[in-house]
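Just so you know, we're using the numbering used here here: the sequence shown kicks off at 8 and counts up by one.
Note that these hints are calculated values from the structure, not bench results.
Being a predicted model, the structure only gives us computed values, none of them experimental.
Do not take every clue at face value.
Per label pair, the in silico range of CB-to-CB distance [said to hold, decoys possible]:
(1) Ser118 to His155: 15 to 21 Å
(2) Val178 to Glu119: 23 to 29 Å
(3) Asp111 to Arg179: 19 to 25 Å
(4) Pro72 to Gly121: 28 to 34 Å
(5) Thr167 to Gly95: 23 to 29 Å
(6) Val154 to Glu60: 27 to 33 Å
(7) Val88 to Phe180: 24 to 30 Å
The calculated DSSO-like cross-link candidates involving lysine-lysine, where the alpha carbons are at most 30 Å apart (straight line), are [said to hold, decoys possible]:
(8) Lys110 to Lys146
(9) Lys110 to Lys171
(10) Lys146 to Lys171
The beta carbon of each residue, even a glycine, is placed where N, CA and C say it ideally should be.
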Amino acid sequence: MCNPDLVRAARAGAGLLLLAARAAGGPLPAPAPAAPAANAVPTAAEREQALVEAWRQAADPQAMPVENMSLPIAHYPNGRVRAQLQAGRALIPANDSGYVRAKDVVIELYSEAGLLEGIVVAENCFFDRATSAGYSEGKVRLEQRGVHIRGANMVWNLETNSAKILSDPEVRFDRFLKGMGDLFK
Numbered sequence: 008m009c010n011p012d013l014v015r016a017a018r019a020g021a022g023l024l025l026l027a028a029r030a031a032g033g034p035l036p037a038p039a040p041a042a043p044a045a046n047a048v049p050t051a052a053e054r055e056q057a058l059v060e061a062w063r064q065a066a067d068p069q070a071m072p073v074e075n076m077s078l079p080i081a082h083y084p085n086g087r088v089r090a091q092l093q094a095g096r097a098l099i100p101a102n103d104s105g106y107v108r109a110k111d112v113v114i115e116l117y118s119e120a121g122l123l124e125g126i127v128v129a130e131n132c133f134f135d136r137a138t139s140a141g142y143s144e145g146k147v148r149l150e151q152r153g154v155h156i157r158g159a160n161m162v163w164n165l166e167t168n169s170a171k172i173l174s175d176p177e178v179r180f181d182r183f184l185k186g187m188g189d190l191f192k
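Go ahead and model the full structure; you've got the sequences and the hints to work with.
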């Protein structure tokens with residue numbers, strides 16, 4: 008930590024400089040930019056941008072190549088698999104945490120009873136095991152309970168149960184959902 012006497016002296020010196028500038032009629036110095044908070048929580052947009060940037064970086068040179076991979080990526084509190092990533096090819100990081108890069112991806116989404124509830128199909132996938140978030144570049148498709156969503160480039164998070172299609176979104180329903188018409192009034 009800083010010596011309190013030094014801090015007091017610095018404040019006094021800064022005060023004298025301000026008084027001298029005012030007395031001379033000169034412009035006041037611009038205020039120092041606010042320092043970012045050390046423990047600031049990143050916004051959702053910042054987290055999404057970080058995933059996209061990480062995707063563009065080179066893969067971990069120590070990552071292990073795997074073919075026909077199945078990897079449980081989320082679990083219910085009772086231990087059942089909630090989401091499982093399947094890939095034709097993947098790079099698994101050498102350490103237990105880190106980014107998984109995969110191609111020809113199918114993510115299966117399961118109910119708490121273990122029944123298949125939905126799927127996500129993507130050309131590529133970049134999954135951060137530490138945050139349970141991912142980025143899929145290229146064509147993507149989501150299907151769940153009669154709702155079909157297609158598009159290109161998607162960010163998603165299993166902890167918040169969210170997904171955002173970044174380009175060319177298209178939504179189709181197998182049936183009209185009760186209450187959906189109220190959204191358009």
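Each hint, compared with the structure:
{"no.": "1", "hint": "Ser118 to His155: 15 to 21 Å", "result": "19 Å, holds"}
{"no.": "2", "hint": "Val178 to Glu119: 23 to 29 Å", "result": "26 Å, holds"}
{"no.": "3", "hint": "Asp111 to Arg179: 19 to 25 Å", "result": "23 Å, holds"}
{"no.": "4", "hint": "Pro72 to Gly121: 28 to 34 Å", "result": "30 Å, holds"}
{"no.": "5", "hint": "Thr167 to Gly95: 23 to 29 Å", "result": "27 Å, holds"}
{"no.": "6", "hint": "Val154 to Glu60: 27 to 33 Å", "result": "30 Å, holds"}
{"no.": "7", "hint": "Val88 to Phe180: 24 to 30 Å", "result": "27 Å, holds"}
{"no.": "8", "hint": "Lys110 to Lys146", "result": "12 Å, holds"}
{"no.": "9", "hint": "Lys110 to Lys171", "result": "19 Å, holds"}
{"no.": "10", "hint": "Lys146 to Lys171", "result": "13 Å, holds"}
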